[in-house]
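Asks: Next come the chains, spelled out residue by residue.
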Amino acid sequence: MATVSVGVVANPASGRDVRRLVTGASVFDNAEKGAMVHRLMAGLGAAGVDRVIMMPAGSGVSQSLQRHLGGRTGHLAAQRLPELEVLDMVVHEDERDSAAAVRAMAERRVAAIVVLGGDGTHRVVAAHCGDIPLCALSTGTNNAFPELREATVAGVAAGLVATARLEGDGLLRREKQLQVNVNGDVRRDSALVDVAVTTERWVGARALWRADTISEAVVTFASPGAVGLSAVAAAVSPVPRAARHGLHLRLAPPERAPTVVTVPFAPGLVTEVGVVQARRVEPGQAVPLTPLAGCLALDGERELELGPSDRVTVRLAEGPLVIDVDAVLARAARQRALNGSARPRAPTL
Amino acid sequence: MTTTAPPDQASKQQLLEWYRTMRTIREFEERLHKEFATGEIPGFVHLYAGEEAIATGVITHLRLDDYIASTHRGHGHAIAKGCDVRAMMAEIYGKRDGLCHGKGGSMHIADVDKGMLGANGIVGGGPPMICGVGLSAKIRGTDQVGVSFTGDGGSNQGTFLESLNLAAVWHLPCVYVVENNGYAEATSVKYHAGAGTDIVKRADGFGLPGVVVDGHDFFAVYEAAGEAIARARGGGGPSLLECRVNRYYGHFEGDQQTYRAPGEVEELRRTRDCLDLFARQVTSAGLVDAEELRRVDEEVARLIDDAVADAKAAPEPDPSDLLTDVYVKY
Numbered sequence: 034m035a036t037v038s039v040g041v042v043a044n045p046a047s048g049r050d051v052r053r054l055v056t057g058a059s060v061f062d063n064a065e066k067g068a069m070v071h072r073l074m075a076g077l078g079a080a081g082v083d084r085v086i087m088m089p090a091g092s093g094v095s096q097s098l099q100r101h102l103g104g105r106t107g108h109l110a111a112q113r114l115p116e117l118e119v120l121d122m123v124v125h126e127d128e129r130d131s132a133a134a135v136r137a138m139a140e141r142r143v144a145a146i147v148v149l150g151g152d153g154t155h156r157v158v159a160a161h162c163g164d165i166p167l168c169a170l171s172t173g174t175n176n177a178f179p180e181l182r183e184a185t186v187a188g189v190a191a192g193l194v195a196t197a198r199l200e201g202d203g204l205l206r207r208e209k210q211l212q213v214n215v216n217g218d219v220r221r222d223s224a225l226v227d228v229a230v231t232t233e234r235w236v237g238a239r240a241l242w243r244a245d246t247i248s249e250a251v252v253t254f255a256s257p258g259a260v261g262l263s264a265v266a267a268a269v270s271p272v273p274r275a276a277r278h279g280l281h282l283r284l285a286p287p288e289r290a291p292t293v294v295t296v297p298f299a300p301g302l303v304t305e306v307g308v309v310q311a312r313r314v315e316p317g318q319a320v321p322l323t324p325l326a327g328c329l330a331l332d333g334e335r336e337l338e339l340g341p342s343d344r345v346t347v348r349l350a351e352g353p354l355v356i357d358v359d360a361v362l363a364r365a366a367r368q369r370a371l372n373g374s375a376r377p378r379a380p381t382l
Numbered sequence: 163m164t165t166t167a168p169p170d171q172a173s174k175q176q177l178l179e180w181y182r183t184m185r186t187i188r189e190f191e192e193r194l195h196k197e198f199a200t201g202e203i204p205g206f207v208h209l210y211a212g213e214e215a216i217a218t219g220v221i222t223h224l225r226l227d228d229y230i231a232s233t234h235r236g237h238g239h240a241i242a243k244g245c246d247v248r249a250m251m252a253e254i255y256g257k258r259d260g261l262c263h264g265k266g267g268s269m270h271i272a273d274v275d276k277g278m279l280g281a282n283g284i285v286g287g288g289p290p291m292i293c294g295v296g297l298s299a300k301i302r303g304t305d306q307v308g309v310s311f312t313g314d315g316g317s318n319q320g321t322f323l324e325s326l327n328l329a330a331v332w333h334l335p336c337v338y339v340v341e342n343n344g345y346a347e348a349t350s351v352k353y354h355a356g357a358g359t360d361i362v363k364r365a366d367g368f369g370l371p372g373v374v375v376d377g378h379d380f381f382a383v384y385e386a387a388g389e390a391i392a393r394a395r396g397g398g399g400p401s402l403l404e405c406r407v408n409r410y411y412g413h414f415e416g417d418q419q420t421y422r423a424p425g426e427v428e429e430l431r432r433t434r435d436c437l438d439l440f441a442r443q444v445t446s447a448g449l450v451d452a453e454e455l456r457r458v459d460e461e462v463a464r465l466i467d468d469a470v471a472d473a474k475a476a477p478e479p480d481p482s483d484l485l486t487d488v489y490v491k492y
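Residue numbers (the numbering used here), protein chains in the order written: chain A, 34 to 382; chain B, 163 to 492.
These are calculated hints, taken from the structure and not from any lab test.
Keep in mind the model is a prediction, meaning the values are calculated, not measured.
Misleading hints may appear alongside valid ones.
Footprint (simulated), chain A over chain B, 3 or more residues, beta carbon under 8 Å [claimed, not checked]:
#1 373-380
#2 383-397
#3 445-454
C-beta: ideal position from N, C-alpha, C; glycine also.
Go ahead and model the full structure; you've got the sequences and the hints to work with.
Replies: Here is the structure:
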């Protein structure tokens, strides 16, 4: 039987931006990310995954994971864990790492990739993973795309998908993506939740939290339960994640807008946002954005500094395949996939 | 929450001033690197080249009556806080015209009138002083702010950790800036920081907010530091700002840097240069011409030339100066 491998990208840099100062956003500790990977491995192992191929993760993530792995005594020692392999790669400590790690995982034919990070980390992974199913776990603070979930449970679900032990379809969701084209360069970038034009001229501290600087945004879905631009869009016209269309918003300061909505724009920050116009964006449609001297923000982070002569269009496209954890576990229960073990049993607990 | 204006509206004059400060620090350090090799400069010199965006981006938010406490790598902080560049150069040469009459040298350069409490030979020596600044401002009811600078190595010192605790307990108007340049002297941060390379984690243990920014990007430092300082000034309490950065030279002048990879510094100079990045940003935004930046470069080069020439020509302290300025009379 072929070895089943699952990739893990745990971004050590998520959760430390300036919103801790300006909005009181939470801190997601790297030791907890390491602990999450350990719990994830327990779930993956229980589902029969043989190997975890992980991006090198400094800043305390690896140390925490090693402490947990080294501390497995007693009942934990009896639990089957996948083998852990950390990719041997040059580390830049920026988004190039996630991109390179995902490419290496694809070459190694991993059956799924589990991502621990915020919208930004998922954005980078999604741009490089092709149709490898993602399990999207939130460790950032302002996340609309990944879910806040117990890693053990997510591990079981990702493992069941990776080992192909369930029959039928409907276990994966096709997400949407926004492809950004700057001056004709289609490979420029992409986003999973939103692309926004802000008058903030510099990328600076990156986080987008001054709503009144945003003139325009395109969102893939508009969820009333989200934080940020997706919530702004939802207050005007909710768009379910499963819907094929998206939304294009024109925004203005509240005193100059016909509609003013009050939404959580960042963790700890509920603010008024003025909406001038909201239009449906159909699949494949390219929306030209009005150029300004400012920045283009992708999934809540300022990424590109633009001048008035830059031409930007955003196209709503098909995005990554994401594991539907609830659907997988419900199917597993119906098919009794977790009753007994398909693998040689570890010693009885 | 208190916030500052984003730098979007900065005037051309302001952009050029920031550039001038960064260029002055760079030129000062590059020149010292050359001059130190001749053997004319007494004592130790630790150069700040590569880290200019931090001193400039943080200190531009401070007033004359705010205080900073610096490190052994203190020239950049002193220049950004407004210390006289010629007097600094003379000080480093150990001359009577120096900022501290030649008695401090590079590692004890100070100008209290400018709110610069001194470079500091003691690693982790600055943060407790800044607690004092904060306590003083709080008791006197002023809205002054204190900012300490510490390296990644210094962040392991008890003094640094005790200061974070004291500042949190007393809710002091202080900002603790960590310049994480990747090395504590010759030891990589990968090996010296127990809980991983995130120095910002130190803040969590004391209940302070902590943020990380790219220390090569002036605007990133400017924005985050502006928020931290405005928060402190407005009574919001202390915070920690970790700036990820690189130094272009060794720990000290003469350091053989055998702990660095071949080509590491050349690569950093090529890809991680705060002055290049700033120039690219402001010129491509159409706010400043390349020619205007070049003029600043020339003026700064002349200033440093003059400062070095003056320092070399300046008189040595006299034996009769030995006991002056040694003790402060209260």
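Asks: If you check each hint against the structure, which ones fail?
Replies: No hint contradicted; all consistent.
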